[in-house]
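Trainee: The primary structure of each chain is shown beneath.
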Amino acid sequence: MTLPARRGRRRMARLGLNLTSMIDVVFLLLVYFMAVTEFKPGEEVYRLDLPQRGGTPDPFELPLDPIRITVTSVATGDYVLHLAGPPGAGPRPATFRQLVRFLSGNLRRDRAAGGLFEADHPIIIEPTGRTSWAHAMGAFNAVVRARYTNITFASP
Amino acid sequence: MIREKHPKPEPIAANLTPMIDVVFLLIVFFVLVSQIVEVENADLDLPRPQDPASVGPPEQARIVINVLPGSGGDVSGYRMGTRRYVADTAGLHALSTSLATMYRDNPALGVNLRADRRTDYRWVEPVFEAVSAAARLSGREDVHGRVNLVVVREP
Chain A
8 MTLPARRGRR RMARLGLNLT SMIDVVFLLL VYFMAVTEFK PGEEVYRLDL
58 PQRGGTPDPF ELPLDPIRIT VTSVATGDYV LHLAGPPGAG PRPATFRQLV
108 RFLSGNLRRD RAAGGLFEAD HPIIIEPTGR TSWAHAMGAF NAVVRARYTN
158 ITFASP
Chain B
1173 MIREKHPKPE PIAANLTPMI DVVFLLIVFF VLVSQIVEVE NADLDLPRPQ
1223 DPASVGPPEQ ARIVINVLPG SGGDVSGYRM GTRRYVADTA GLHALSTSLA
1273 TMYRDNPALG VNLRADRRTD YRWVEPVFEA VSAAARLSGR EDVHGRVNLV
1323 VVREP
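Just so you know, the sequences run in chain order A and B. With the working numbering applied, the first sequence has no gaps in its numbers, which climb one by one up to 163 at the end. With the working numbering applied, the second sequence has no gaps in its numbers, which climb one by one up to 1327 at the end.
No lab work stands behind these hints: they were computed from the structure. Just so we're clear, the structure is a prediction, and the values are computed from it rather than from any experiment. Even for Gly, the Cβ is constructed at its ideal location relative to N, Cα and C. Everything hinted at is true.
Computed footprint of chain B on chain A, listed as stretches where at least three residues anywhere in the stretch have a Cβ under 8 Å from a Cβ of chain B:
id	segment
1	34-44
2	49-56
3	124-136
Derived contacts from chain B toward chain A, CB cut-off under 8 Å, selection only:
id	residue
4	M1191
5	V1195
6	P1219
7	G1228
8	N1284
9	R1289
10	R1290
11	V1296
12	V1303
13	G1317
14	R1318
15	N1320
16	V1324
From just these sequences and the hints, can you work out the full model?
Mentor: Written out as structure tokens, the structure is:
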């Protein structure tokens, strides 16, 4: 005896992906990010190693005459540069661009080439108390751009 | 003749519950994150050096010190993280002490210094002293007084 075939068998449910909610969320995110995005230029950094105040100097280290860069802000919003220390070759710089050129031109890159200062020659930036931070950073940027590594800020 | 039976059309319904869950979670997340970022980075007009030689911010744990501008190149105080400090000797000493505690927990902690481009240098330099003092106060040999000077790179 054979069993009768089942008639009322239910159809198998179809597998399907409901995209509606996903599209809703994606659009919401899109609107959110468009609303909150500010097209700000990116922030970057310069690394500054601070001198160890109060430390004892190495008695065997030969003291080098540092290059001292004084930068002063003036009433017009401009700045005045003054270089002191060992004389370098070339005209004394009056702008940050000229400072980069002066320092790069006097950097000793290898033994054969000329150049008066090693990359780790001490450079002290001496802004006055009233010098704006933008001008102090302009001088600092010029020295970093010229590939010097031993840079410090003096107390005003 | 046998009539073919058409299945009944299923009712169309969108299940909104998971979507609402996700949307609320996203709102809470972004509200919290945006507040933290705003508190950490004060709204300052940072220096924009010509032809900058700056680099991208280092990928390390860091604390941000903001030099909060006042009028005419003066400052209204300093802020490290969410805490505000008065711009005097006592305030800077408190800043050094807090930073020294952080250095003890994490000697590799970076310090980002943000100051407005119009702020006088006489208000920025004491922060260098405070960071150096914090490195000393931490009593750890592996802490180096070091700051990351934050600028804006023009596109």
